[in-house]
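S.K.: Next come the chains, spelled out residue by residue.
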Amino acid sequence: MGYLELREIKKSFGGVLALDGLNLDLAAGELVSLLGPSGCGKTTALRIVAGFEAADQGRVVVDGKDITGVPANRRDMGMVFQAYSLFPNMTALGNIQFGLRLRDVPTSSRKQRAAELLELVGLVAHSAKYPHQLSGGQQQRVALARALAIQPKILLLDEPLSALDAKVRVTLRDEIRRIQSELGITTLFVTHDQEEALALSDRVGVMSEGRVEQLDTPARVYREPATPFVAQFVGVTNALAGVADGDAVLVDGHRLPASGAAGHPRGAAIRLIVRPEEIRLRPDDGSIPGALPGMILTQSFLGPVMRLTLRLESQDGQLLRVDVPSREAEQHAPGSRVAVELAARSPIVVPA
Amino acid sequence: MTAPAPDTLASTAAPGRRGAPAAPRRRRPGAARWLVLLAFGVFFLLPLFAMLEFSTRQAGGRSFAAWRAIVQDPDLVSAITISLELAALTVVGMLLLVVPVATWVHLRLPHLRRPIEFICLLPLTIPAIVLVVGIAPIYAWVTYLLGDSPLTLAFVYVILVLPYAYRAIDNGLGAIDLRTLAEAARSLGAAWPTVLARVVVPNIRGALVSASFLSVALVLGEFTLASLLNFNNLQVTINLLGKRDAPVSVAVSLAALLLAFVLLLMLSYVGRRRGSSGVTEEG
Chain A
1 MGYLELREIK KSFGGVLALD GLNLDLAAGE LVSLLGPSGC GKTTALRIVA
51 GFEAADQGRV VVDGKDITGV PANRRDMGMV FQAYSLFPNM TALGNIQFGL
101 RLRDVPTSSR KQRAAELLEL VGLVAHSAKY PHQLSGGQQQ RVALARALAI
151 QPKILLLDEP LSALDAKVRV TLRDEIRRIQ SELGITTLFV THDQEEALAL
201 SDRVGVMSEG RVEQLDTPAR VYREPATPFV AQFVGVTNAL AGVADGDAVL
251 VDGHRLPASG AAGHPRGAAI RLIVRPEEIR LRPDDGSIPG ALPGMILTQS
301 FLGPVMRLTL RLESQDGQLL RVDVPSREAE QHAPGSRVAV ELAARSPIVV
351 PA
Chain B
353 MTAPAPDTLA STAAPGRRGA PAAPRRRRPG AARWLVLLAF GVFFLLPLFA
403 MLEFSTRQAG GRSFAAWRAI VQDPDLVSAI TISLELAALT VVGMLLLVVP
453 VATWVHLRLP HLRRPIEFIC LLPLTIPAIV LVVGIAPIYA WVTYLLGDSP
503 LTLAFVYVIL VLPYAYRAID NGLGAIDLRT LAEAARSLGA AWPTVLARVV
553 VPNIRGALVS ASFLSVALVL GEFTLASLLN FNNLQVTINL LGKRDAPVSV
603 AVSLAALLLA FVLLLMLSYV GRRRGSSGVT EEG
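Chains A and B, in that order, are what the protein sequence lines are.
Positions 1 to 352 (this note's numbering) are the ones given, in order, by the first sequence.
Positions 353 to 635 (this note's numbering) are the ones given, in order, by the second sequence.
It should be emphasised that the hints constitute simulated quantities derived from the structure, not laboratory data.
Keep in mind that the hints are not guaranteed to be accurate.
[As the list claims (entries may be wrong)] From chain B, some residues computed to sit far from chain A (all C-beta separations above 10 Å):
id: 1; residue: F470
id: 2; residue: P479
id: 3; residue: S501
id: 4; residue: M618
[Stated by the list, open to error] Derived DEER-like restraints, expressed as beta-carbon distance ranges:
id: 5; chain 1: B; residue 1: E437; chain 2: A; residue 2: R178; range: 57 to 63 Å
id: 6; chain 1: B; residue 1: R557; chain 2: A; residue 2: T171; range: 33 to 39 Å
id: 7; chain 1: A; residue 1: T171; chain 2: B; residue 2: S620; range: 41 to 47 Å
[As the list claims (entries may be wrong)] To list a few chain B residues with every Cβ distance to chain A over 12 Å, as calculated:
id: 8; residue: W386
id: 9; residue: I422
id: 10; residue: D425
id: 11; residue: L447
id: 12; residue: W493
id: 13; residue: L498
id: 14; residue: I511
id: 15; residue: L592
id: 16; residue: L615
For every residue, glycine included, the Cβ atom is placed at its ideal position computed from N, Cα and C.
With the hints as extra help, turn the sequences into a complete structure.
M.R.: What follows is the structure in structure tokens.
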């Protein structure tokens with residue numbers, strides 16, 4: 001039994017199903033991300049937990065208490081929004097104190113708590129500034145401090161980093177994780193950015209069409225996707241069509257070892273999911289058994305790695321994306337022929 | 353047509369240089385502008401000046417007796433008081449009615465925005481006499497229940513100011529991220545009245561001031577409804593006064609006009625201050 005439980009939540013908007021029997025459990029102190037494409041229902045789920053939307057069906061339970069019918073202002077949930085949500089008429093300090101004032105916290109305790117939180121988010125020098133005098137990153141820090149000020153049961157983060165530029169996003173992401181760990185607050189984080197979800201979370205729930213397809217640690221979601229959707233949504237992937245053959249897959253007559261194929265009947269059409277970093281390239285001299293011949297088309301410099309796009313001679317000329325260390329990129333100039341080998345110990349196999 | 357050589361471009365870009373071709377002469381709109389301004393100034397100010405001249409006219413000189421009479425005539429003082437009280441009541445009634453309705457429409461019933469706006473615009477399109485014919489039977493009940501105080505006119509004035517007030521407040525609400533602010537306040541524990549009082553109202557203060565000033569200006573200048581419903585407000589009293597003491601009547605009219613101008617100037621100042629604030633996004 002989790003600290004936050006969502007049980008069989010259903011919600012539709014004008015006949016369009018947003019959540020289709022969603023189940024989710026968060027342990028106390030855990031940070032779980034809901035990751036998925038636009039329209040998968042992740043924000044709706046968060047809004048139902050916050051009390052801003054009412055579920056058509058199902059229950060929301062916090063610490064053993066059913067809060068499904070409790071209005072948003074009595075749920076004790078701290079929330080940071082995607083849009084800048086600071087009250088423009090109040091200073092950073094005023095914003096942080098807002099929730100405490102509503103709870104009639106004595107002035108001295110209120111000031112002390114606000115000062116602690118400003119310290120925590122590193123904005124002591126900006127306490128007297130109004131939102132329009134703060135940068136986007138600073139505004140979101142104040143919003144986080146404001147949400148934490150009321151000592152909420154659960155912290156809800158609705159894509160709070162998406163309006164920020166890349167550098168600030170990474171810094172603030174790390175800060176959110178640090179603060180969450182320090183305070184040990186149960187946190188539900190919604191994002192469409194997989195890097196963010198994988199870097200920040202104890203567990204990631206990958207959502208599609210109103211359901212959680214897989215809820216697992218970031219490493220397992222990446223390495224052992226439970227469904228074809230998760231395999232293709234998380235990370236960059238290449239999908240090769242083949243046929244199951246015991247503990248291997250036959251791809252255009254080449255037998256590629258893949259222990260995951262053992263679970264499929266021999267001869268069944270399957271797809272082999274291979275990540276760019278799990279492919280090894282060698283010069284194509286026709287001597288490497290089980291290697292697929294191909295030709296390099298383009299190179300994209302990504303810092304530590306170079307991403308190559310190559311066209312396979314088999315598989316109807318399918319394009320593959322392959323990452324090689326940048327320093328080795330000169331061996332793979334566009335136009336050169338290569339032999340493609342799978343370096344994955346156990347590539348992901350999903351039904352076709 | 354050939355493109356100018358780069359050095360030609362450079363020389364035109366440096367107007368102070370010797371031998372450089374003269375920059376194309378910009379048309380000076382000064383004269384025409386001043387002419388238009390002067391014409392309109394005369395058109396608007398001449399009647400006001402005439403009113404001032406008439407209200408201070410005296411054989412062999414000038415006298416401000418008519419202006420002094422404004423505060424000495426008990427009927428006039430009472431009418432001014434009533435009109436100011438009516439303005440205050442109308443503003444309060446309008447704010448209490450429009451702010452929660454417009455906020456709720458923005459937050460929960462956005463599909464009703466156009467119908468509500470249409471309803472609020474109706475008093476502009478319905479002639480006052482038609483409005484009175486419709487409202488007179490209701491006022492018979494209002495008088496029966498609340499007495500015949502002219503302050504009961506505030507009910508109909510709240511309706512009369514709706515076109516201006518609703519639009520101003522609606523624009524104010526549209527200029528802020530109302531949904532996010534309201535949800536942020538709700539998540540922090542604010543009940544709906546608190547959201548209205550501590551988040552919505554302070555952040556649309558400019559719009560509320562605009563709506564209030566427009567309402568005050570309208571109420572101070574309203575004659576038709578009060579006259580047809582047999583109540584004495586400032587304009588009705590000025591009209592009656594005009595029949596027995598024209599200079600005082602003109603002096604009061606001019607004073608009321610000047611008050612309206614001052615209100616409108618304040619309104620434009622508030623609007624400008626509102627427009628000058630912005631959020632920096634420097635990251």
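S.K.: If I take the minimum Cβ distance from P479 of chain B to any residue of chain A, is it greater than 10 Å?
M.R.: With a cut-off of 10 Å, P479 of chain B remains clear of chain A, as the shortest Cβ separation is near 41 Å.
S.K.: S501 of chain B: least C-beta distance to chain A exceeds 10 Å?
M.R.: S501 of chain B is indeed farther than 10 Å from all Cβ atoms of chain A, at 37 Å.
S.K.: If I take the minimum Cβ distance from L498 of chain B to any residue of chain A, is it greater than 12 Å?
M.R.: 37 Å, holds
S.K.: With 41 to 47 Å as the target window, see if T171 of chain A and S620 of chain B comply at their CB atoms.
M.R.: 43 Å, holds
S.K.: Please verify that the nearest CB of chain A lies beyond 12 Å from L615 of chain B's CB.
M.R.: 24 Å, holds
S.K.: Should the hint that E437 of chain B and R178 of chain A are 57 to 63 Å apart at their CB atoms be regarded as holding?
M.R.: For E437 of chain B and R178 of chain A the Cβ distance comes to about 60 Å; the hint holds.
S.K.: Per the stated criterion, does the least C-beta distance between I511 of chain B and chain A lie above 12 Å, as a non-interface residue requires?
M.R.: 30 Å, holds
S.K.: Any Cβ of chain A at or closer than 10 Å to F470 of chain B, or is the non-interface label fine?
M.R.: 24 Å, holds
S.K.: Looking at W386 of chain B again, its CB stays over 12 Å from all of chain A?
M.R.: 38 Å, holds
S.K.: When you look at the beta carbon of I422 of chain B, is every beta carbon of chain A farther off than 12 Å?
M.R.: With a cut-off of 12 Å, I422 of chain B remains clear of chain A, as the shortest Cβ separation is near 40 Å.
S.K.: Is the Cβ of D425 of chain B more than 12 Å away from each Cβ in chain A?
M.R.: It holds; D425 of chain B is separated from chain A by about 44 Å at its closest Cβ, greater than 12 Å.
S.K.: When you look at the beta carbon of L447 of chain B, is every beta carbon of chain A farther off than 12 Å?
M.R.: 17 Å, holds
The structure fails none of the hints (numbered hints given earlier).
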